[in-house]
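A.B. asks: What follows is the residue order along each chain.
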Amino acid sequence: MIQRILTIVLSLGLLFSLILFASKFGSARLPGNQQGYEPVQPIAYSHRLHAGELKMDCLYCHSGAMRSRHAGIPSGNICLNCHTQVKATFGEVRQEDELAAKENRKPRQVTSAELSKLYQGMGLNPQSEIKPEAVTKSISWTRIHNLPDFVYFDHRAHVSVGVACQTCHGPVESMERMRQFSTLSMGWCVNCHRESNLKGIQGRQVNASIDCATCHY
Amino acid sequence: MNDPHQVHWRSLDEFADPQLAERRGESEFEDTPLRHAEAPGRRDFLRATGFVLAGSAITGCSRAPVRTATPLPTQPEDYWPGRSDQYATICTACSASCGVLAKVRDGRPVKLEGNPDHPLSRGGLCAVGQASILSLYDSHRLGQPHVSGKPSSWEEADRAILTALESIRKQKGAVRILTGTVTSPSLQERIRAFAATFDNARHIVFDPLSSSAILDAHEALFGARVLPRMRFEKAPVVAAFDADFLGTWISPAEFTRGYREARLENGKPSAQAWHTQFESHLSLTGGGAEERVRLAPGQLAHALAALVARLASRAGARSPAVTSPAGALPDKQLDELAARLWNARGRSLVVCGLADVKAQKLCAYANHLLGNYGATLDLERPSLQRQGSDRAMSGLLQEISAGQLGALFVHGLNPAAELPLDKTALEAMCRIPLLVSLSSRTDETAELARFVCPDADPLESWGDAEPVSGTVCIQQPVFRQVGHSRPAMESFAAWSGKPATARDLVRTHWRDSIHPRHGGGLPFEEFWRASLQTGAMEVKPQSRAATALRQEAVEALPAPSAEGMTAVLYAKTGILDGRHAYNPWLQELPDPISKAAWDNYACVSPAKAASLGLADGDLIKITAAGHSIEIPVLIQAGQHDDAVSIALGYGRRESQRFSNPGPKWMYAKPTTGADGLVGVNASCLLRWTPETLAYHRGVQIEKTGRNRELAVTQTHHSLTMPPKLDPGGPPRPIVQETSLVQLSAPAEHKSEAHPELWPRDHQYTGHRWAMAIDLDACSGCSACVVSCQIENNVPVAGRDEVIRNREMHWLRIDRYYSGTPENPRVAHQPMMCQHCEHAPCETVCPVLATVHSSEGLNQQIYNRCVGTRYCANNCPYKVRRFNWFDYPHEDRLVNLVLNPDVTVRSRGVMEKCSFCVQRIQEAKIEAKRLGKPMADGDVAPACQQSCPAQAIVFGDLNDPKSRVSQWAAQARGYRVLEEINVRPSVYYLKVIRRDGEANGGGHHG
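Line order of the protein sequences matches chains A and B.
Anchor point for the first sequence: position 77 equals 1264 in the numbering used here, and the numbering is continuous, going up by one each time.
Anchor point for the second sequence: position 949 equals 1026 in the numbering used here, and the numbering is continuous, going up by one each time.
You may find that some hints are simply not true.
What the hints assert, rightly or not - With a straight-line Cα cutoff of 27 Å, these simulated DSS-like cross-link-like pairs (lysine-lysine) come out:
hint : chain 1 : residue 1 : chain 2 : residue 2
1    : A       : Lys1289   : A       : Lys1242
2    : B       : Lys1009   : A       : Lys1386
3    : B       : Lys1001   : A       : Lys1386
4    : A       : Lys1293   : A       : Lys1274
5    : A       : Lys1274   : A       : Lys1289
6    : A       : Lys1386   : B       : Lys1005
7    : B       : Lys698    : B       : Lys746
8    : B       : Lys746    : B       : Lys780
9    : B       : Lys1038   : B       : Lys1009
Everything labelled a hint here was simulated from the structure, so no lab data went into it.
With the sequences and hints as input, model every part of the structure.
C.D. replies: Right under this line is the structure:
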């Protein structure tokens, strides 16, 4: 009798937990798959604005992709190539201009809140002049694309044969905040290597190795 | 097989019992206590199941940890995170000052490699040089000055030292600066300037591994205290007396390269090359010599005198009397050698490592008779790699014991451990009013010193070197300083009252003194930049007034006295004088001959051991004049019966840290001995003679009845055929030898059809990576072993694990003896994964963690491996290593030395040589980036890059012009265990026996 009750209780419990988990099954993913990861960054940088609207080349900032395994996050001095001139959004500047006209004064220098974090890190004052005593401080961005320690990916190999950045990183030019587009799983990598060997990249024949030691060593 | 002496053997017991070697081949893994543990019970099973379930649930649900990426505020031009750069600098691991390229990745050096543009080492770097990178990341290194044992600041220490110096200056007290050989001209200049501020100050130079006798002999003969630069590359005929010039003597990497070059003629083995070694202890150099003459330590100098007499009679010159009794020496061998040397006048070398000025004079005279001065011995551009004077050191010790010193500064030396100092001498040292040690670690001398002012590591500070007069090199920092140590140069400048940075000091000295010696008309800035870029520049040598040889200064030796047992204190490959005793890579490196790691030991000949009733590991007490040490015995083939040899450099304070370097598990035993140190310090057996510190001394030996097991790897990883598989079969030809006669004979048809187990279905349409190793060139120096360990993040297992057969080295050097135990010939065979085309490991892996690549690599995929170890059991070459444990990686500073391009393996994973696939990938991708095809030599695995003998080539077998294809096709080429037809990718070139005694290559059986 006790045995029977126990069986019933256990199977009910099992059923209950199955129902509980069933709703989650649709979004089940393999361990380590971080697809869709979209962390908040220390500076609200917009890829949509820079890469989409302004049509800047990805490699202008991520120039490491041509030379090194890491595409790299641009150092502050790359940002300053433009942002010594551009210090606020067009809207903010116009608002100040209107306000100044209303108050009948000269418009003041406007610096956006996000950009002032950059200037602070680079040791610049709001007039973007270098303060001699200033200490530069790097900005720690949150990494989005993480691979396990036993995987060695190299940007050089892909960029130099003409793989478009969007193939792996997705429509970055439409992302306000950067997010992980692909699964970055091994199957996803190998599929692309296989397909590229058949179809070629940009009409050219390529030799994308599917040996294990291409990435694992 | 009938004559057991015609085959190779690895240990004395295998020589005595030929079947033993094969029985050893049966079990790869030694017995482990885990095997006797009880089977897991029900509760254990449930526990494990629960753990696995919970674990998988947790890993499945969690998000990965947040990782940040921090770019530089301003990235310098031509610097890319993730890309490595190489900087030319100098190796300061010993005073040979070889050139190195420091590979710097993301701001930190991860590997030191030989600099091919350096005129001395020419791309070679020895094991010690390779391993010295660890010094930078040593968390035990002192990061600030210490005063009376307490951490202090530089201001405080300098103030106290300057006050003390001021009072010494007023009292006209004696100031002595004691250093090892200083090859740095800038530091020498600083010490000179510092000494000049006192009335009674002297710079005393001493080398723990001294060549003082050579310098003294040249002073007596030529009027200048110089060490001639030995040009082994110009000397196909070499006679060496107790000089281990390929292993540990003066400048081994430079000498190995030269020796190898002289033995080739237009790239082919030269028929004239000949090397006779006279020694009492089997050294790396002696093992490979054409002829090795085993003599008692006391006879070595007399053999040299007898050789001089023979040469003098051929030259019709005066000869000092031969004082040894007739018949005591190997007259026939000496006659033949004299003839060979005489025929190679001006193309030969006689070298002598004895600490005996009379013997060194005879050696110099022999070279003079042979016309070698100016040809193979360079006095115009002499070597500055050894400048020490034993007499000056002994004078200093007298001053110390007489209490005459006001101040003693010690730099680059550890006299308290390196010299035979008794208690009263040490106490006298403590009584010196101002004792300052510039040691970077708390060594024995630093413990006595009131002030410890740590020198900076050479990889984090500026410096320079002039190893050979006229060859100057710059040492440039490649890392931001760890802690607040200070370069010795800056310390001496500060104490002279003229503080300056090391960079300014070096630049000033180069501008004022070195650049003017460069005749090229290059402006200084360009000269400086060129020196930084190439690593070395040639300038005019410092002028030295060497006169013609004064024959009358050559003296006869005193008649030999009857000697009993003599202790021979020698330098062991990797450990040298013990200054790198903190380095676990070097401690775990097996000696190239004895194959013992982690301890020093007393080598005793088999006959002597039998007569004393000694077995391997028996502790013996060695006594000389009241001093005694207890040390385990190692029965060593080739040892003279009257010699017991002991390595110096052990029993050091810095080895305290190795109480347990390996895994922490319940059966682990400490690596250190009862006193908490690795090995025994034998320096108390050194003996002062009137002229030198002698490395030979008569001793008494006593058995203690106790025992300490030695971690000897010589019988590990056997390649022999287990007898049950092939009863009575022929021996396996593992290491093969040939003679010049056989080589000149028309090539016999090599292709012997072996049965194929698998279809040959690998296409290799692109590259086909392969390696070739010239066994004749390999000296066994083990630079490759350490290089591989560093490049591939191979863990240090510790003594106990080595005893259990679990050393982790991916590349080992198998040492085989042939001939008799009294005087064996040695062959070295570097053995690593052979990357077989039909790899037996691949077929047995149940999870496909080891598979063949399209370019001929046998890939080991760590993340797929589940640790069945089937592959290791099925490997005929025994090159796979299993991670029985997670090896400690807690020290965050030491972790910086890990190669970021290679995975750090975890417990339960098999690993092995990958042909440095990370370097292959890097070279392939870089070629792709630059849009050009790969050239031969673009890929250099770590072992090849560092090899001082250039014995390894690597490349594409599909390219018929590649060096590896050409080597593989040579008549000497063969592959190990060809008969089992697993088609390995590593080709070996047979050892050449020029004395015509080539062994067929069978291993015992």
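A.B. asks: Need the status of pair lysine 1038(B), lysine 1009(B): alpha-carbon distance at most 27 Å?
C.D. replies: Status holds; Cα separation ~18 Å.
A.B. asks: Quick one, are lysine 1289(A) and lysine 1242(A) close enough, alpha carbons at most 27 Å?
C.D. replies: violated, 35 Å
A.B. asks: For lysine 746(B) and lysine 780(B), compute the direct alpha-carbon distance and say whether it is at most 27 Å.
C.D. replies: Given pair lysine 746(B), lysine 780(B) holds - Cα atoms ~25 Å apart, limit 27 Å.
A.B. asks: Quick one, are lysine 698(B) and lysine 746(B) close enough, alpha carbons at most 27 Å?
C.D. replies: Satisfied, since the Cα-Cα distance of roughly 24 Å is no more than 27 Å.
A.B. asks: Lysine 1009(B) and lysine 1386(A): Cα distance at most 27 Å?
C.D. replies: holds, 23 Å
A.B. asks: Between lysine 1293(A) and lysine 1274(A), is the straight-line Cα distance small enough, at 27 Å or below?
C.D. replies: holds, 17 Å
A.B. asks: Given the hinted pair lysine 1001(B) and lysine 1386(A), is their alpha-carbon gap at most 27 Å?
C.D. replies: Within the cut-off at roughly 22 Å; holds.
A.B. asks: So if I understand the rule, the pair passes when the alpha-carbon distance is 27 Å or less; does lysine 1386(A) with lysine 1005(B) pass?
C.D. replies: Holds. Lysine 1386(A) to lysine 1005(B) sits at ~19 Å (cutoff 27 Å).
A.B. asks: For the pair we were handed, lysine 1274(A) and lysine 1289(A), check the Cα-Cα distance against 27 Å.
C.D. replies: With Cα atoms ~22 Å apart, lysine 1274(A) and lysine 1289(A) stay inside 27 Å; holds.
Comparing the model with each earlier hint shows a violation of hint 1 alone; every other hint is respected.
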